[in-house]
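Construct all of the structure, not just a fragment, from the sequences and the given hints.
Residue numbers (this note's numbering), protein chains in the order written: chain A, 1263 to 1658; chain B, 1263 to 1658; chain C, 1263 to 1658.
By construction, these hints were calculated from the structure, which means they are not laboratory data.
Keep in mind that the hints are not guaranteed to be accurate.
As the list claims (entries may be wrong) - 25 Å max Cα-Cα, derived DMTMM-like pairs, lysine to aspartate or glutamate:
#1 Lys1265(A) - Glu1263(C)
#2 Lys1305(A) - Glu1653(A)
#3 Lys1526(B) - Glu1263(C)
#4 Lys1526(A) - Glu1653(B)
#5 Lys1265(A) - Asp1533(C)
#6 Lys1305(B) - Asp1533(A)
#7 Lys1590(B) - Asp1608(B)
#8 Lys1526(B) - Glu1652(C)
#9 Lys1265(A) - Glu1263(B)
#10 Lys1265(B) - Glu1269(C)
#11 Lys1265(A) - Asp1360(A)
#12 Lys1590(B) - Asp1270(C)
#13 Lys1265(C) - Glu1263(A)
#14 Lys1525(A) - Glu1653(B)
#15 Lys1265(C) - Asp1270(A)
#16 Lys1526(A) - Glu1652(B)
#17 Lys1590(C) - Asp1533(A)
#18 Lys1265(B) - Glu1263(C)
#19 Lys1526(A) - Glu1650(B)
#20 Lys1525(A) - Glu1652(B)
#21 Lys1305(A) - Asp1533(C)
#22 Lys1265(B) - Glu1263(A)
#23 Lys1305(C) - Asp1529(B)
#24 Lys1265(B) - Asp1270(C)
#25 Lys1590(A) - Asp1600(A)
Said to hold, decoys possible - Computed footprint of chain B on chain A, listed as stretches where at least three residues anywhere in the stretch have a Cβ under 8 Å from a Cβ of chain B:
#26 1270-1284
#27 1535-1541
Everything numeric in this text was worked out from a predicted model, so none of it was measured.
All residues carry an ideal CB built from backbone N, CA and C; glycine is no exception.
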Amino acid sequence: ELKQVVEDNVSGLDTMFVLVSGYMVFLMQCGFAMLTAGSVRTKNTKNVLLKNILDACVGAIAYYLFGWAFAYGGDSKINGFIGSGNFALSASSEGDFDDFTGFFFQWAFAATAATIVSGSVAERTSFYAYISYAFFLTAFVYPVVSHWVWGGGFLSNIFGHGMIDFAGCSVVHMVGGFAGLAGAAIVGPRYGRFNAEGKPVPMPGHSATLCTLGTFMLWFGWYGFNPGSALGISGGAYTVVARCAVTTTIAAAAGGITTLVLKKVMDHIFDLLAVLNGILAGLVAITACCAFVEVWAAVIIGAIGAAFPIHGAVGFWGALCSGIFNSKTYQAAAGLPDQQGGFVMDISEWKLFASNLVGCIIIVCWVLVLIVPFFFALNVMGLLRISESEELIGND
Amino acid sequence: ELKQVVEDNVSGLDTMFVLVSGYMVFLMQCGFAMLTAGSVRTKNTKNVLLKNILDACVGAIAYYLFGWAFAYGGDSKINGFIGSGNFALSASSEGDFDDFTGFFFQWAFAATAATIVSGSVAERTSFYAYISYAFFLTAFVYPVVSHWVWGGGFLSNIFGHGMIDFAGCSVVHMVGGFAGLAGAAIVGPRYGRFNAEGKPVPMPGHSATLCTLGTFMLWFGWYGFNPGSALGISGGAYTVVARCAVTTTIAAAAGGITTLVLKKVMDHIFDLLAVLNGILAGLVAITACCAFVEVWAAVIIGAIGAAFPIHGAVGFWGALCSGIFNSKTYQAAAGLPDQQGGFVMDISEWKLFASNLVGCIIIVCWVLVLIVPFFFALNVMGLLRISESEELIGND
Amino acid sequence: ELKQVVEDNVSGLDTMFVLVSGYMVFLMQCGFAMLTAGSVRTKNTKNVLLKNILDACVGAIAYYLFGWAFAYGGDSKINGFIGSGNFALSASSEGDFDDFTGFFFQWAFAATAATIVSGSVAERTSFYAYISYAFFLTAFVYPVVSHWVWGGGFLSNIFGHGMIDFAGCSVVHMVGGFAGLAGAAIVGPRYGRFNAEGKPVPMPGHSATLCTLGTFMLWFGWYGFNPGSALGISGGAYTVVARCAVTTTIAAAAGGITTLVLKKVMDHIFDLLAVLNGILAGLVAITACCAFVEVWAAVIIGAIGAAFPIHGAVGFWGALCSGIFNSKTYQAAAGLPDQQGGFVMDISEWKLFASNLVGCIIIVCWVLVLIVPFFFALNVMGLLRISESEELIGND
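Below, the structure is given as structure tokens:
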């Protein structure tokens, strides 16, 4: 009767909200592919496209077989370090699991983490390295972090308070960014990237149009990424969701305009690619706190975020912003327990900032401890980098 | 208890509907960027891409600081000319405003109005002009018009009846179109656009593929623009929304096919770019009345719209279509008061047509009165047009 | 009062779900256009783009005038072969029809069926042939098949059981695929496709980037195509919808990875275009049974699907998968009567497999019986193929 219909409406509404958000996050794969393709030289386009499309594919199989189990499988209260159980969604056949919506959304996030790295190591990394890496990240490295922060793991309770990273500055962008950084360092620069004096040589990408297309698609997808992280829109969640959409927009715009002005002042040019990067930095920066900050704070967060040079660093900054700008009122409105907000809002409160700071450091260590040996091992096996002649001719 | 759950479902459903529609409207920015990029010569691609991406960014900041306040801020009943209050969403920090959903959707519309102009003045306008223009339009020119028609302003009550422009033929497309027209006239034609005898010289764009991609994205986004303008899907609104989706489709198709046939008959070619323009004209034309007309009327509206050469003129035509084809029954079904419909449906009724006709004239005057001096002032300051050498070499 | 509000919520939720799904299916037009454009030689790009955009336009008018009437018009119980009534949605003006949501979704499907063929006959077919074909398919050939399987027609009841093709492996992909195959056979190969010894000559497309963009868009759109085929998300349908999203993802990934490995083993290359095809094959293969199979089955279905060379054959395979892997439990959960599932799940059950097998054969015959004479007639009239000189110079 009526009560059942209403409950089904709640489930239908939330399912649709999360799935549509997840579809939009999936489209970010396409955005990253276009952005990366436009940023490399023509001779390597096919190569980076294939790497990008394999993110989604390898990520899907890896997350299905292992990732979900490590992130959210089994009883999360038992183990603060790693989930277990429901490998290959085995529980679903026995009727003990039917959260396909959650699985879908989390897979899209895992694939995003994996794809962030592709730009960092483009044009010189072998396919074997890339596939191994994508598998390792989506099957294990990323899921464990998501367990810590979102799956009831130990970072969700650190300092008796816990990290708050609404949509994944640290969990997704910092993990992907630092993994990419480590990868790039170990793979080494592209051949000819530095001249005899060690000065960097510009290696312009082949298509600003593709970069723009990719950036717009990423911006669009971010509306799935950030508001979608409410994981539902029933109850009072619609106010949270709507706030996310607006703060995300404003931070993106602030990031873009900041870069425009900075580049004009410093280099005397209006620089499209810099503006695109600024927009993406603004988007990354607002990701952790989009649900909990005032709109004016989004301006600041995005603008400062745009000044950071590296994906991983922006993610770090964004995660700290939670501890700086979050409003306790909005956290409560989103159903969080009445804990501390950012210290700018109430100078006496420091626990959220401390949680996010320490949490981020732990996450960065985790990523590096796993990824650095992993890439070194690939290097020793001769599987990491393509040959010099292949690189000079191009992968295609 | 149950009543609260149901009410939250209504809010969640409407929020999701408006936000997803807004995301799709935002994607039209990408569509416009691709369409414009494909329509210009290679040497100016980066330039127009940057202009397009700044629409979204500048528009977001301008609409946040001023636009929303002029459009919907304060008590709309007090002032039929302009809204006031809630600048920079200041009321939200005090808990007096939380319609972030509405803000988001209206920002996406404002940015659309701004972006329409970019094609008109492409390849020869300076960045300073463009940024100033985008700010002026989204902060003031457009918001005031939207206040008049949608925010309880004087055009919503003209002739004791009021304009009906469901999704913004006049408010968005005519404003953007005529502003672009004025801009193009004052900036002057591109260097080499006319030969010594004053005949126009073809300046074909560099990529039909980008134009097609852009048009498809615009068509897709229009499903956010038109059906989304119901501003909710709860209550009985779902019938209104679904009608919009169908009339929008049919008008687009009718516009495309009309142009295909016209071009074949007149110039003996199957002309892709003309068909794309025809589709867009059909989409613009149906925008004002998509919720209130029969499907057969959509065929006529789109087909005739495709015969108009200019964005602004199609917008004008579309706004008049409300007064020609609107069905009173469907207006009532959408919750409008039982006023007059289009005169084709009932020959004795003229008030809607008169309201929309006079309203459009007033809006065009408003745009020209503001934009013409604005562009002249930029011109006098030497900020309007790039130098001849820059233009010949290309902006990139 | 409350009951009415709840019922309106159900309608609003389902309308929104189906419309958004339909918008995503529409975006597949753009995906196909990009994929096809990237797959042809530069000289024919404009040509195939126009063909693709006309699919949507011609399909809209044809489906509006005739298609819907033949598929779902009139009383479906009266006639197991073809629908009748409500041509040009005439019943809507009299208030006897208001399922605009259904019309929109089914139009998007019809246009998909039409667009599948465009790749098969690209670069050598005349516009007259293409327009006629698109009209014929969306006005008659496809609607009749959809009536048989989805509109209460005779295939929905064959063997006292009926076909189960959830999202249209046979109805959409097999119809489009076999029509394209017949078209390609009658039009003949492209000039220079085979050398003097009859060996095929490679004719590489001009842009792998466009192919990748198109494939990502298609994958994205498939989340409208497959989950959207639940035609609602109220009641308990949300579990069905979510399962579809996951099985669709896994089948796509399995298809892509299978092709990657196969190509590497056989031809010793990592082949981007092959992987894209593998993903699409995985997506086609899961279409018929996405709502009713275990996730592990999706791996198998997608992987095997990727081994088939032709769109139509994958559709056939996918339709058979219903009879092989469907779970009776999930069919019941989706509200189907408690009939038989796939024989792998219960070896004693064969009726579903037999229904789908025989149904597919009947559908293929129907398509060929209509399309072969149709293309021959065009050929006799000299309207089928462009001239050799046009083909060599390119259509653009």
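| Pairwise hint evaluation, Asp1270(C) against Lys1265(B), where the allowed Cα distance is 25 Å at most | holds, 14 Å
| task | With a cut-off of 25 Å on the C-alpha distance, tell me whether Lys1305(B) and Asp1533(A) pass. | result | Roughly 15 Å between the alpha carbons, so the hint for Lys1305(B) and Asp1533(A) holds.
| Has the given pair, Lys1305(A) with Asp1533(C), been kept, meaning a C-alpha gap of at most 25 Å? | holds, 15 Å
| When you check the alpha-carbon spacing of Lys1590(B) and Asp1270(C), does it fall within 25 Å? | Between Lys1590(B) and Asp1270(C) the Cα gap is close to 22 Å, so the pair holds against 25 Å.
| query | Given the hint that Lys1526(A) pairs with Glu1653(B), does the C-alpha gap stay at or below 25 Å? | reply | With a Cα-Cα distance of about 20 Å, the restraint between Lys1526(A) and Glu1653(B) holds, given a limit of 25 Å.
| Lys1525(A) paired with Glu1652(B) [C-alpha distance capped at 25 Å] | holds, 20 Å
| request: Decide if the proposed pair is consistent with the structure: Lys1526(B) and Glu1652(C), CA atoms, cutoff 25 Å inclusive. | output: holds, 17 Å
| said: Just to be careful, I want the Cα atoms of Lys1265(C) and Glu1263(A) compared with a cutoff of 25 Å; is the pair within it? | reply: holds, 10 Å
| task | Check whether three or more residues of the stretch 1535-1541 of chain A sit with their beta carbon closer than 8 Å to a beta carbon of chain B. | result | holds (count 3)
| said: So is the stretch 1270-1284 of chain A in contact with chain B by the C-beta rule, three or more residues under 8 Å, or is the coverage claim wrong? | reply: holds (count 6)
| field | Restraint check for Lys1265(A) with Asp1360(A), where alpha carbons must lie at most 25 Å apart | value | Within the cut-off at roughly 22 Å; holds.
| task | Verify the proposed pairing of Lys1590(A) with Asp1600(A), using a straight-line Cα cut of 25 Å. | result | holds, 7 Å
This entry does not satisfy hints 3, 5, 17, going by the numbered hints stated previously.
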